[in-house]
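Trainee: Line by line, the protein sequences are chains L, W and R. Using the working numbering, the first residue of the first sequence is number 1, and each one after it goes up by one. Using the working numbering, the first residue of the second sequence is number 278, and each one after it goes up by one. Using the working numbering, the first residue of the third sequence is number 778, and each one after it goes up by one.
The hints are simulated quantities; they were obtained by calculation from the structure and are not laboratory data. Remember, it's a predicted structure, so these values are computed and weren't measured experimentally. Treat the hints with care, since some could be wrong.
Said to hold, decoys possible - Here are a few chain W residues that sit away from chain R, every Cβ distance over 10 angstroms (derived from the structure):
no.: 1; residue: E401
no.: 2; residue: I498
no.: 3; residue: T502
no.: 4; residue: N631
no.: 5; residue: W660
no.: 6; residue: K691
Unchecked claim - Below, a list of computed lysine to any residue pairs in the SDA-like style, where the Cα atoms sit at most 20 angstroms apart:
no.: 7; chain 1: W; residue 1: K524; chain 2: L; residue 2: L46
no.: 8; chain 1: L; residue 1: K105; chain 2: L; residue 2: L46
no.: 9; chain 1: W; residue 1: K524; chain 2: L; residue 2: P244
no.: 10; chain 1: W; residue 1: K410; chain 2: W; residue 2: L434
no.: 11; chain 1: W; residue 1: K671; chain 2: R; residue 2: Y931
no.: 12; chain 1: R; residue 1: K784; chain 2: L; residue 2: L46
no.: 13; chain 1: W; residue 1: K698; chain 2: R; residue 2: L825
no.: 14; chain 1: W; residue 1: K436; chain 2: W; residue 2: K524
no.: 15; chain 1: L; residue 1: K11; chain 2: R; residue 2: R975
no.: 16; chain 1: L; residue 1: K11; chain 2: R; residue 2: T866
no.: 17; chain 1: W; residue 1: K524; chain 2: R; residue 2: R935
no.: 18; chain 1: W; residue 1: K410; chain 2: R; residue 2: L825
no.: 19; chain 1: W; residue 1: K552; chain 2: W; residue 2: N568
no.: 20; chain 1: W; residue 1: K527; chain 2: L; residue 2: E166
no.: 21; chain 1: W; residue 1: K524; chain 2: L; residue 2: F240
no.: 22; chain 1: W; residue 1: K455; chain 2: R; residue 2: R975
no.: 23; chain 1: W; residue 1: K738; chain 2: W; residue 2: P603
no.: 24; chain 1: L; residue 1: K105; chain 2: R; residue 2: R975
Stated by the list, open to error - Quick look at which bits of chain W chain L covers, simulated, 3 or more residues with Cβ under 8 angstroms:
no.: 25; region: 359-365
no.: 26; region: 545-558
Glycine included, each C-beta is placed from N, C-alpha and C at the ideal position.
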Amino acid sequence: MPNISFRVKKKYHLYGGASLTFLVVLLCLLSYVYMPHGPNDMNLALRFTSPGENPGYILGTDYFGRDIFSRIIYGSRSVLLVCCLAVALGSVAGTLLGAAAAIVKGPLSAVIMRSIDGLMAFPGILLAMMMVAAVGKGQQGAIVAIAIFMVPPFARLVYSLILDSENSLFIKAAKSYGVTRSRLLRKHYLPLLLPRLITQFTACIGAAIMIETSLSFLGLGVQPPHASWGLMLNEARQHFLQYPYLAVVPGLAIALAVLGFNLLGDGLNDLLMRRRS
Amino acid sequence: MKKRLAALFLVLVMLGTVAGCARTGTQTGTTSDILKVAYPTDPQGLDPQRTAAVATFNITGNIFEGLLAVTPDWQVTPRLAESYTISPDGMEITFILKKGVKFHNGREMTAQDVKYSFERLKGEGSPKAADYKNINKIDVVDNYTIKFGTASRDVELAKAFCYPWAVIVPAEAADNLKTNPVGTGAYKYVEWIPQQQVILTRFDDYHGEKAKIKDIGLVLIPDATSQLAALQVGDVQITEVTGNQIKLLKDNPKFQVYTEPMNATQLLALNLENKALSDLRVRRAIAKAINKDDIIATVVWGYGDKVGSHLPVNYPDYVDTNSVAPYDPEGARQLLAEAGYGQGLTLKLALPKNYQIHVDTGQIIADQLSKVGITANIEIMEWGQWLSDVYTAKKYDMTVVALSGRLDSRYFLKRYRSDSKDFVSLITGDVDQLLDQAGTETDPAKRKEIFKQIQFILAEKLPAVYIQTPHKLFGMAANVQGFRIYPIDIYEYKDVSFKK
Amino acid sequence: MLNYIYKRTSHALQVLFVVSIITFAVLLWIPGDAAQLMLGADATPERLEALRTALGLDRPWYLQYWEWLKGFVHLDLGQSYLFGQNVSTLIAQRLPVTLSIAVFSMLLAAVVALILGSLAAIKKNTAIDYFSTIVMQIGSSVPSFWIGMIFIVYFGIRWQWFPVAGYVPPQEGLLPYLNSIALPSIVLAIGEVGMLLRTVRTSMLDAINQEFMDMARVKGLSSFSIYFKYALRSAMIAPLNVMGLQFAKLIGGTVVVESVFALPGIGRLILVAVEQRDVFLLQGLVMFVTTLVILIALLVDIAVMFINPRIRVEMQGE
């Protein structure tokens, strides 16, 4: 019987994760349609309005009298767009590298995989900071930094999956029938890789959000006056002793977004893997 | 099993509580032989002649001394010199040195050391060398007499000997001053652990009145919240505070607050080589669009004085020019339309990241400019990048920064000569003649008049929009006395003591 | 077995070589100029040129790389322009801080993960299991800098249990030392605990379902000794492996935590080096930290090999 409840729990992951993720996507879409105030509009007379004090500013205002709710809505963009783009770039590069290494074999393969090992050896935030130092701060820097960090997991995954499957019977069989390379890739490798890649992608976004917000918090990511959740926490640092509410909402937003993508990753993993087996 | 686990948890909780209680135990009050001061940024080495960093001068002002010194009230007084005389033609200055001045390594200071130090200041690797180009002769007359000659007349020559980089260093220690400073000051260096602390201790062979407190511990605390917390729990006795935090200290008898205008001007520099900004109407529009009162109320919580020109409010030559270009957004829009930018104008605004006050000011300015139709794209830079891109290469449209710490008006204003090549300058040449006159004019009243004219011209021609003289704000334990702010970037601790 | 150690070590050395190339290449691109930073605003072009020559910044990149690599092997990482001190000295000053919070947070996380993870496995699908799942999810999704800020407000300032900033070395007293690293260690441990908890739970479940457990039960041993003497021992290997891997993440985490708590550790030095573009310092730090991480992973691998005979056999078969 424990097995059933286990499955229920996993479904719970899937639904919980999906709804939190949906919420972030919704915020991001909302930022293009409607925000109560401009996210960078200052109202110096109303600064440090606490939440609920003024019905026009439901989550209060910050140091410059900017509307925190609007900035939270706007900040979802940098979380979603920066992270999705970065992970997408990283996954494409990683997949190609991994596939190349698995297919060509020989010394080139060894060079690729050693480089991947080298990249993997850096602690994540350290690699990201180093990239930022070279590329420059801001969104581009963050995207490059996160994308590079995301290359190794995808490369390794694809590399090992392809090597494993080469020994599997149905690939061997297909090869012996003289199936063309492209058909082999489309009909056999892709269905094999896709579920794993999707799961990996979702799980990596959670990690990417953590790095993006950390960089912003350290002042190396999105630059003022633009809003991002990590940057909002950074700006709150100067004042949160007197105005603790400044730190509450951005922190919660980050935690829920990461939680959402992590749960979704878990849930998808369970769903897709189970279906395969 | 459950019992054992419960016991384990209990032990953990108890450990936490013990640790918590110990905290209250260590919070003893101040003892009278160590003063702890918080500082926000690390010095760039401790060699005052090999850096341009204010954070270095703040510390080395206690370890090194110059021939002359300046008091908090702007008076020039002898320090390592007994006295000085200026020749009738104003081209030579002769110092009689104090006898029996010892370096921290025990050796006595002589005129040879003075000569060596100024050659070092003028030499390779010294950022301030250009300021001393005018001094072209250094003659040691005897062990205690030294004579400096200049290429052209400088009425305020004596003030050049007061700065925190015009100090006397011993040749034998010169190579390692960055990490092991040796000077003649009232405190000698004990230890510097970067990002952690600097420790100084009283120099018992000091030539003047000895320091009152034995040890100075400078503790690095980077952010304002932690600095205030450290003061409140007694970890430090002096710290800079923000305008907002002052409210928390003012009514508490355990603390005192000390504020004074800085010798600095915060300004929005405008690059006159930009096509739009070369138009006086655009510059005036920008000045009219900026509400300085709002900036001061927000960024420094009111602890700043609005200015209309380059000299700070506490400067002896200061005149009030605030009425020249007052806040008037409607007028700004009109001027922009006249200049042909009624449709809008986009400019870049470079802000130096390390200075929160300038970054905040810049963000407010961008917001205020957007209301008259100017889009200011903010670019926040590291200090190093700011120095190379903005200050040196002049690749910028607008930037917010503060210029600080000079003792005579001509030095402070000479960047406005059309040939200064400075990042903020008046390339139209409106003040060139006046600056030349000021260099040779000896009558104080006439000098004052010249500087008054220059200030008004700057307020009208607006090579920069002058914003404010920010104040220095310090929170201190109630029993600290004798701590003062100087017009140059030093804090001297030798006169600080604890009330009994 | 020696063969395995040799293989593993030579792999680590190769990775280290790649790491050195990546580090050097990336930092070669850094815009801005060390010479300009050192001389400040008033520098003239001639002075800049002279200093560049003195620092070797005008030489071709491969010569610079070779010099740098030679220096690294001899533990000479060059000089920080920012502080005017040797990079190795700076690292040595900060290492105790970073290692302290890294080790303490690892210990804390391990203790909590071990207790909660074993309980969750033993009492599968009960309240304890769900509770540990929640701890796991929260621990891996709440950003450490946010927890740090909240801790500072409550534990540091409201209740004043712990200092909010700074580090006290153990020579100045054990309790003040523990106090100064308590909050950062706890914050870091919260981020660590999730992954460890998951591993402990899984491997404990595996262990419980193994045959020797049934044997033990048949022999009538008390449930305490069954779980904690036998099951836990065999369930230790996977978490140990994870701890080795987690170390890299932990070191990365110290950057953020040290910045929040104003601790003078390696992490904050890295931040300053990035912000101020102190290239020599950053190169040295990145190399040092990554070497440390690789070294620890290597040692853990070898240690696990000694503990676990199964791996030993597998490796020989490979």
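Trainee: All the hints need checking, so say for each whether the structure fits it.
Mentor: Here is how each hint holds up against the structure:
A beta-carbon of chain R is positioned within 10 angstroms of the beta-carbon of W/E401; the least distance is around 7 angstroms. Non-interface status of W/I498 relative to chain R is broken: a Cβ of that chain comes within 10 angstroms, the nearest being about 5 angstroms off. A cut-off of 10 angstroms between C-beta atoms contradicts the statement that W/T502 is not in contact with chain R; the least separation is 8 angstroms. Not every CB of chain R is more than 10 angstroms from the CB of W/N631 (nearest about 8 angstroms), against its label as outside the interface.
Against the 10 angstroms criterion, W/W660 falls within the reach of chain R, whose nearest CB is about 7 angstroms from its own CB. With a cut of 10 angstroms on Cβ distances, W/K691 stays outside the contact zone with chain R, its closest approach being about 13 angstroms. At most 20 angstroms may separate the alpha-carbon atoms for a hinted pair to count; W/K524 and L/L46 meet this at roughly 19 angstroms. With a C-alpha separation of about 65 angstroms, the suggested pairing of L/K105 with L/L46 is violated against the 20 angstroms cut-off.
A threshold of 20 angstroms between alpha carbons decides the hint, and for W/K524 with L/P244 the separation of about 17 angstroms falls inside it, so the pair holds. Note on W/K410 and W/L434: the hinted pairing holds, with a Cα-Cα distance of about 12 angstroms set against a maximum of 20 angstroms. At most 20 angstroms may separate the alpha-carbon atoms for a hinted pair to count; W/K671 and R/Y931 exceed this at roughly 47 angstroms. With a C-alpha separation of about 66 angstroms, the suggested pairing of R/K784 with L/L46 is violated against the 20 angstroms cut-off.
The straight-line distance between the Cα atoms of W/K698 and R/L825 is roughly 17 angstroms, inside the 20 angstroms bound, and the hint therefore holds. Of the pairs offered as hints, the one joining W/K436 and W/K524 is violated, with about 38 angstroms between alpha carbons and a cut-off of 20 angstroms exceeded. Among the hinted pairs, L/K11 with R/R975 is consistent with the structure: their alpha-carbon atoms are about 18 angstroms apart, no more than 20 angstroms. With a CA separation close to 53 angstroms, the supplied pair L/K11 and R/T866 exceeds the 20 angstroms bound.
For the hint linking W/K524 to R/R935, the alpha-carbon distance of about 18 angstroms falls within 20 angstroms, and the restraint holds. A distance of roughly 18 angstroms separates the Cα atoms of W/K410 and R/L825; the hinted pair therefore holds under the 20 angstroms criterion. Our distance criterion of 20 angstroms between C-alpha atoms is broken by W/K552 and W/N568, whose separation comes to about 24 angstroms. As the CA atoms of W/K527 and L/E166 are separated by approximately 76 angstroms, the hinted pair breaks the 20 angstroms bound.
The straight-line distance between the Cα atoms of W/K524 and L/F240 is roughly 15 angstroms, inside the 20 angstroms bound, and the hint therefore holds. For the hint pairing W/K455 with R/R975, the CA-to-CA distance comes to about 51 angstroms; that exceeds 20 angstroms, so the pair is violated. Distance check on the hinted pair: W/K738 and W/P603 sit about 14 angstroms apart at the alpha-carbon level, within 20 angstroms; holds. Our distance criterion of 20 angstroms between C-alpha atoms is broken by L/K105 and R/R975, whose separation comes to about 35 angstroms.
Coverage of a stretch by a chain is defined here by at least three residues with a beta carbon nearer than 8 angstroms to that chain's beta carbons; for the region 359-365 of chain W and chain L the count is 0, and the condition is violated. Evaluation of the coverage hint for the region 545-558 of chain W: breached, as 0 residues show C-beta separations to chain L shorter than 8 angstroms, against a requirement of three.
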